[in-house]
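In the numbering used here, the protein residues as written are 1 to 286.
Watch out, some of these pointers could steer you wrong.
Claimed, not checked - Here are the computed lysine-lysine pairs in the DSSO-like style, where the Cα-Cα straight-line distance is at most 27 Å:
{"#": "1", "residue 1": "K101", "residue 2": "K131"}
{"#": "2", "residue 1": "K230", "residue 2": "K247"}
{"#": "3", "residue 1": "K198", "residue 2": "K231"}
{"#": "4", "residue 1": "K146", "residue 2": "K173"}
{"#": "5", "residue 1": "K135", "residue 2": "K230"}
{"#": "6", "residue 1": "K101", "residue 2": "K129"}
{"#": "7", "residue 1": "K123", "residue 2": "K146"}
{"#": "8", "residue 1": "K144", "residue 2": "K198"}
{"#": "9", "residue 1": "K242", "residue 2": "K231"}
{"#": "10", "residue 1": "K41", "residue 2": "K129"}
{"#": "11", "residue 1": "K231", "residue 2": "K202"}
{"#": "12", "residue 1": "K245", "residue 2": "K135"}
{"#": "13", "residue 1": "K101", "residue 2": "K86"}
{"#": "14", "residue 1": "K129", "residue 2": "K146"}
{"#": "15", "residue 1": "K136", "residue 2": "K146"}
{"#": "16", "residue 1": "K123", "residue 2": "K135"}
{"#": "17", "residue 1": "K206", "residue 2": "K146"}
{"#": "18", "residue 1": "K251", "residue 2": "K231"}
{"#": "19", "residue 1": "K144", "residue 2": "K230"}
{"#": "20", "residue 1": "K136", "residue 2": "K86"}
{"#": "21", "residue 1": "K171", "residue 2": "K146"}
{"#": "22", "residue 1": "K231", "residue 2": "K247"}
{"#": "23", "residue 1": "K187", "residue 2": "K146"}
{"#": "24", "residue 1": "K202", "residue 2": "K135"}
{"#": "25", "residue 1": "K202", "residue 2": "K230"}
{"#": "26", "residue 1": "K135", "residue 2": "K146"}
{"#": "27", "residue 1": "K131", "residue 2": "K202"}
{"#": "28", "residue 1": "K180", "residue 2": "K198"}
{"#": "29", "residue 1": "K230", "residue 2": "K198"}
{"#": "30", "residue 1": "K131", "residue 2": "K206"}
{"#": "31", "residue 1": "K136", "residue 2": "K198"}
{"#": "32", "residue 1": "K251", "residue 2": "K230"}
{"#": "33", "residue 1": "K173", "residue 2": "K202"}
{"#": "34", "residue 1": "K66", "residue 2": "K86"}
{"#": "35", "residue 1": "K231", "residue 2": "K245"}
{"#": "36", "residue 1": "K144", "residue 2": "K66"}
{"#": "37", "residue 1": "K146", "residue 2": "K131"}
{"#": "38", "residue 1": "K206", "residue 2": "K144"}
Hints listed in this document are in silico derivations from the structure and should not be mistaken for laboratory results.
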Amino acid sequence: QSLVTLTISFTTCPPKLFGLYFFLSQRSVKCLTSQASGPPKRPLNGYMRFVMQQQPIITRQHPEIKSVDIIRKIAQQWRTLSPEQKRPFEEASVRAREQFKVDLQRYQAQLSPAQAQQQALEKRARTAKRKAIRKKRELTSLGKPKRPRSAFNIFMSEHFEEARGATTQAKMKSLFEDWKNLFSHQKQVYTHLAEDDKIRYKNEMKSWEDHMVEIGREDLVREQSLSIRKKATGRSTTASKKSAKTKTKAKTKAKSTSTSTAAKKTGVKGKAQAARKTKSSSTKNT
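Taking the hints into account, I'd like the entire structure generated from these sequences.
Right, here's the structure in full:
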């Protein structure tokens, strides 16, 4: 199939369909550039087999439809299929997976130790990249504040439209030259804006991290923020303990004082009673 129909439009392609477009375009490129001695390609699942079958048909029937609308139309068709209609595609996928396992074992058996190690490193790198992409999407969905812009980034965003050059790279190059030629007082304006953006980022990040702690996502909070939070909690706990200890001491002292006062009163009262008894006895004797 022509790769033109698989061209990705970054401005019109919805996020859910972007991955499918990217997969189809990458797979087409790999099919054109892969060698026979390369590793076996992973088989398509039932849905992707249906997409690959229907995509050229829909394109011929509706040449005026955009690629993203074609994929959306195919996805709608798949959802309306009955289990019996989906079964041929899913069974073909199962057979392809079994064959893939055999081909993969045969391919790995002929690799040298150095080649096997290189493939393991590449696999770990791909896994790490996928995890980073998933984490970035998750942070975006959770509303993580955007990082502060530098003074040059602010300057570039303000003057990009009228910048010299026909391509993005040419425009950025011309803007960089213009930035270097600015006077100090002209750059100072953008420096102040960048400082204000840092303050904005700091305040928004504090609120966002507080919210992450509240919903139980401390794993997304920066280590530095967690350390500061733990220290503040520790100081608060220590102060509470000292306050409680001071109150306990005050209560103990007050109780001791009241007990001592009562004892003194009891002693004075006892002496008075003894004196009265002595006086009474002496009067009787007389």
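Here's how the hints hold up against the structure:
For the suggested pair K101 and K131, the alpha carbons sit about 25 Å apart, so the restraint of at most 27 Å is met. Proximity of K230 to K247 is assessed by CA-CA distance (about 25 Å); at most 27 Å being required, the pair is judged to hold. For the suggested pair K198 and K231, the alpha carbons sit about 24 Å apart, so the restraint of at most 27 Å is met. A C-alpha spacing of about 25 Å is found between K146 and K173, which places the hinted pair at or below 27 Å, so the restraint holds.
Restraint check for K135 and K230: satisfied, since their Cα atoms lie roughly 25 Å apart, inside the 27 Å limit. Only pairs whose Cα atoms come within 27 Å are accepted, and K101 paired with K129 is accepted, the gap being roughly 24 Å. Between K123 and K146 the CA atoms are separated by roughly 30 Å; this puts the pair beyond 27 Å, and the hint is violated. A distance of roughly 15 Å separates the Cα atoms of K144 and K198; the hinted pair therefore holds under the 27 Å criterion.
Simply put, K242 and K231 have alpha-carbon atoms about 16 Å apart, close enough for the 27 Å limit, and the pair holds. Between K41 and K129 the CA atoms are separated by roughly 20 Å; this keeps the pair inside 27 Å, and the hint holds. With a C-alpha separation of about 19 Å, the suggested pairing of K231 with K202 holds against the 27 Å cut-off. A C-alpha spacing of about 46 Å is found between K245 and K135, which places the hinted pair above 27 Å, so the restraint is violated.
Under the criterion of a C-alpha separation no larger than 27 Å, the hint pairing K101 with K86 is consistent with the structure, at around 23 Å. Restraint check: the Cα-Cα separation between K129 and K146 comes to about 21 Å, which is no more than 27 Å; the hinted pair holds. Restraint check for K136 and K146: the C-alpha separation of about 11 Å stays at or below 27 Å, so the hint holds. With a CA separation close to 18 Å, the supplied pair K123 and K135 stays within the 27 Å bound.
Taking the CA atoms of K206 and K146, the gap is near 13 Å; set against the 27 Å cutoff, the hint holds. Of the supplied pair hints, the one linking K251 and K231 is violated, its CA atoms being roughly 30 Å apart against a limit of 27 Å. Simply put, K144 and K230 have alpha-carbon atoms about 22 Å apart, close enough for the 27 Å limit, and the pair holds. Annotation: proposed proximity of K136 to K86 is violated, straight-line Cα distance about 34 Å (limit 27 Å).
Note on K171 and K146: the hinted pairing holds, with a Cα-Cα distance of about 24 Å set against a maximum of 27 Å. Only pairs whose Cα atoms come within 27 Å are accepted, and K231 paired with K247 is accepted, the gap being roughly 24 Å. For the hint pairing K187 with K146, the CA-to-CA distance comes to about 23 Å; that is within 27 Å, so the pair holds. This hinted pair checks out: K202 and K135 have alpha carbons roughly 21 Å apart, not beyond 27 Å.
Note on K202 and K230: the hinted pairing holds, with a Cα-Cα distance of about 19 Å set against a maximum of 27 Å. Taken as a hint, the K135 and K146 pair is honoured in the structure, with Cα atoms around 15 Å apart against an allowance of 27 Å. The suggested pairing of K131 with K202 holds, with an alpha-carbon distance near 26 Å, which does not exceed 27 Å. Distance hint between K180 and K198 is fulfilled; the C-alpha atoms sit about 23 Å from each other, no more than 27 Å.
Between K230 and K198, the direct Cα distance comes to roughly 24 Å. Compliance with the 27 Å bound is thereby established for this hinted pair. For the hint linking K131 to K206, the alpha-carbon distance of about 25 Å falls within 27 Å, and the restraint holds. The straight-line distance between the Cα atoms of K136 and K198 is roughly 21 Å, inside the 27 Å bound, and the hint therefore holds. Between K251 and K230, the direct Cα distance comes to roughly 31 Å. Violation of the 27 Å bound is thereby established for this hinted pair.
Our distance criterion of 27 Å between C-alpha atoms is broken by K173 and K202, whose separation comes to about 31 Å. A threshold of 27 Å between alpha carbons decides the hint, and for K66 with K86 the separation of about 26 Å falls inside it, so the pair holds. Pair hint K231 plus K245 holds up; C-alpha atoms about 21 Å apart against a cutoff of 27 Å. For the proposed pair K144 and K66, the alpha carbon gap of about 33 Å is over 27 Å, so the pair is violated.
With a CA separation close to 20 Å, the supplied pair K146 and K131 stays within the 27 Å bound. Of the supplied pair hints, the one linking K206 and K144 holds, its CA atoms being roughly 11 Å apart against a limit of 27 Å.
Of the numbered hints listed earlier, those contradicted by the structure are 7, 12, 18, 20, 32, 33 and 36.
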